[in-house]
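Let chain A serve as the given structure and place chain B on it in line with the hints.
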Amino acid sequence: MNKVLKSEIIRTLFIRFLSSLLTLFLLVSFLFFIIRLAPGDPTDKYVSAKLGSELSERIAEKFSLNQPVADQYFAFVSNIFKGDLGVSYNYRLPVFNVIWEYFSFTLIFASISFILQLSLSIWCAVWVVRKQNKWVEKFTSNFSLFVYSIPAFVLGVTLIYVFSVYLDLFPISGLTSLDHDGLSFFPRIFDLMHHLILPLITLSAGGVALFYKYAKESLDEIKNQTFVVNLRASGLDENIILKKHILPNAIRPLISVAGVELGIILGGTLITEVIFSLPGMGRLAIDSILSRDYPLVIGCVFTAGAVMILANFLADLVKLKIDKRMIKGILN
Amino acid sequence: MNNKIINLLLLSFLSLLIIACDSKQSTNNNRIVIGISADVQTFNSLFAFSYEESVIADLLYPGLLDFRWNTQRGELDIYPMIVESWQWSNDSSFIKFFLRDNIFWSDGEKLTSADVVFSYDVYSDPDVQSRLFGTFNQLYTDSDGLIDISKTFKVISASEFEIHFPENSIVDLVEVSVPIIPEHIYSNISRDQLGSDEVNFDPVSSGAFKFKKWDRNQTIILEADSNSFLFTSGQVAELIFKVIPDYTSRILQLKKGDIDLVELVKVEDMEDLKAENNLSVINLVGREYDYIGWNNIDPKSFSAGMIKPNKLFGSSNVRKALTMAINRKEILTEYLLSQGELAISPVSSIFNSVFNDQIKPYEYNPEESKKLLTQEGWTDKDRNGILEKGNEEFIFKMYYPVGNPLREYASVVVKNNLKSVGIDVTIEKMELGTFIDNLYDRQLNSWMAAWGVPIPLELKPYWYSDPNIGVLNFACYGNSKADEILDQLDARISNERKNEFVKKFQEVIHQDEPVSFLYWTPNIIVYNNRLKNLNVTPYGVLAHCWEWTLNE
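Residue numbers (our numbering), protein chains in the order written: chain A, 1 to 332; chain B, 1 to 552.
Isolated chain A, as found in the complex (with noise of 0.2 Å):
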């Protein structure tokens, strides 16, 4: 790669760095906006029979709720440029520090499930297109669309029905054992996927189904094309044929998708986290949105965002690393 092309790519990654930025600024300025604007108040909750309204008000000047909206946003943008998202109403504590509480786990729960829809659903097609058999495909085919068509919460309680109430083979809900904590290392890492394997299933069934339909039809694609017959013409061993040419090639348009559908696994765990308790940061949005937590619906949606930013950027660094052809359209 030579000098001007190295320049161009790291100017080019800085203003889409700033151009990044600027559509999270702007994201969380709408919804701080639009979250003012929808009924309901933060201190509702806290009006009852025994405290009257007292005790409301007094909250509400604490957080400046009873401050102009303008100036909520200004001192909201002031502190965002010293990486302060706010107060969480309910939490009482800054944003980011309950964000990354259940945002950690959620990270590691999506990124597993990721890793498996891709892998699996990339596995499923080659071995299906190496195959070659016309029943075999058309069952993946029909199986893939049926497993696609299951909603997430309907496959999560069939999966607890079916292997946990009457087989007995799984916990029905929860990250780890109520004696998690005193089991040895291996006992525990047996215990956590014990806990993981149905929602991750859950989680990942879907996403599964899509890959394989998006990788499938591409490795179809690919192997018929002319230089691939050219290639096997040439005498080329068939598996070197798959895995040098016919895959590199058929997994370009499936890394555009996985960079969209990582983001939509972040959203997506939300429904496995609530059937299956876990602890992610998918069920703290919810909550935040129903108590009117301002600043950690805002936290949430920003961090989500970022991701969906982030995931969609590597996606096309691997496609860059992938295929080096592909520098112009990236940076454009």
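Calculated from the structure, these hints are not laboratory results. A virtual CB, placed ideally from N, CA and C, is assigned to each residue, including glycine. Just so you know, not all the hints are guaranteed correct.
Listing some non-contacts, in silico: residues in chain B with all C-beta distances to chain A over 12 Å [claimed, not checked]:
1. D58
2. G63
3. S93
4. N102
5. D269
6. S303
7. I307
8. E393
9. T426
10. I427
11. N445
12. D512
13. N523
A short, non-exhaustive set of chain B residues, derived as facing chain A with CB atoms under 7 Å [said to hold, decoys possible]:
14. Q129
15. D246
16. G433
17. T434
Mimicking BS3-like on lysine-lysine, the simulated pairs with C-alpha atoms at most 27 Å apart in a straight line are [what the hints assert, rightly or not]:
18. A:K45 <-> B:K300
19. A:K45 <-> B:K460
20. B:K397 <-> A:K45
21. B:K370 <-> B:K397
22. B:K498 <-> B:K96
23. A:K45 <-> B:K266
24. A:K45 <-> B:K429
Only chain B this time, still in chain A's reference frame:
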């Protein structure tokens, strides 16, 4: 080669899976697991605003006195808690309290009078904004609600102190007793930082259970504190709150034996759970009732600062007619499977000494309802099936918050019932936050909601005509006779007189029917039969759970 690696990985994964599936569950049976729907956000009693938080805080931080529900009289009996005894002064101007000798905080420090004084000071501090702020009207306070410590408390020794009351103040010991927090822990923290300090997540307590572990949105583990004055040798070793937001999951885990107790079980699941050999069911009725609110005044005029009677619901006869037109028993029988009770007034039958059993409910009677409406000038002159009075047709929207199947069902019954007497109702669902906001602004004409009834019984905030006092009087009900009675209840009178006033108040309310009282909804509690000594009362399911034991 690659295939071999993949196969090896798959094999390892499957082996791990089998081991994981085979791993035996807990062997520690000396614990009780309670299923809850939402996690706590703090263990600090000062900020325990949610139901779950207050239950746990009350377990960790006992107050001066203990309260137990007396089913016969329908009121609270008072017993000593962290105090051994107390003595009223001859002129009732103060109480002298004697702390127990054997009270220690979970970190080994002794609980003293200083902790008590500090607790009252912090709870009432306007900078702290605690859950009890503004509730110390019977003590000496300044204009901001902060207790005047020098006037209110007289510390005699580490285990003796007096609480003094202003002249003519009406002392309710239930209000006087607050959960006591440790001074040596909280006094080192700036008051405005009390809500966010790390100490809130590793509390030092004095109750029968102390904090052991908290996995956010997973479990809260409390363990028996052998140093606590409440500790007994038969006490369970651990009390675990398991956060399970999904209702179906809670029920499945209850059946499976993963959890021992669940509150607020749906009526439709009751029979199924009763059939389980390992489970028992308790139905507590009388702490919450559903009602249809009729705004007694015109919302638009209210916004403009004027009070005008509501065109549709301003007359008590119309409101009575509406109640008579609604078949409440049908909802009670069909949806609540007769597990609730018909509501007549805001006082439930559990409050035996004040419940007025002479009042007869308005029976479902569409004909009588029509007659009353005709008397009030509502007739169907144009024969379009809807009543009119002048140019006004009897058409309105009724709102209820989303996510409540009972109200969804009831609203359809109400709509059909009212249609049959010539009233056209459109049912609208509303998001809970928006709904509450509209109620506070008195902007809804008609709505369906519920009220929880506090113990001790509180009526003034719900029914007093002055909106600054009747902050929860969303129906904008106003009757000078009712106000007078409510004022009398605040005066220094005997309990017998008080009871008479409450009975009288129910008569006034019944006469005015400010809202249509529907039914007292059940709180169904299901627990595992291995739990013994449960004393579940309307005052609280877990109020004395340290006395629970387990079957051998």
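| query | Far enough from chain A: is every CB of that chain over 12 Å from the CB of B:N523? | reply | Holds: least Cβ distance 19 Å, greater than 12 Å.
| query | Against chain A, is B:Q129 within 7 Å by beta-carbon distance? | reply | Holds, because the Cβ-Cβ distance from B:Q129 to chain A comes to roughly 5 Å (cut-off 7 Å).
| Straight-line Cα separation of A:K45 and B:K460 no greater than 27 Å? | 19 Å, holds
| A:K45 paired with B:K429 [C-alpha distance capped at 27 Å] | Roughly 20 Å separates the two Cα atoms, so the pair holds.
| query | Would you say B:S303 is clear of chain A, with no C-beta pair closer than or equal to 12 Å? | reply | Given that every Cβ of chain A is farther than 12 Å from that of B:S303, nearest at about 15 Å, it holds.
| said: Under 7 Å is the threshold here; is the Cβ of B:G433 close enough to any Cβ of chain A for the hint to stand? | reply: 3 Å, holds
| message | Under 7 Å is the threshold here; is the Cβ of B:T434 close enough to any Cβ of chain A for the hint to stand? | response | Hint on B:T434: holds, closest Cβ of chain A at ~4 Å, below 7 Å.
| field | No chain A beta carbon within 12 Å of B:E393's | value | 28 Å, holds
| task | Could you let me know if the closest chain A CB is still more than 12 Å away from the CB of B:G63? | result | B:G63 is indeed farther than 12 Å from all Cβ atoms of chain A, at 15 Å.
| field | Verdict on B:N102 as a residue remote from chain A, using beta-carbon distances over 12 Å | value | Since the minimum Cβ distance to chain A is about 31 Å, B:N102 lies beyond 12 Å and the statement holds.
| query | Would you say B:I427 is clear of chain A, with no C-beta pair closer than or equal to 12 Å? | reply | 19 Å, holds
| Does the no-contact call for B:D269 survive, Cβ to all of chain A over 12 Å? | B:D269 clear of chain A: closest Cβ-Cβ about 15 Å, beyond 12 Å.
In terms of the numbered hints stated before, the structure departs from none.
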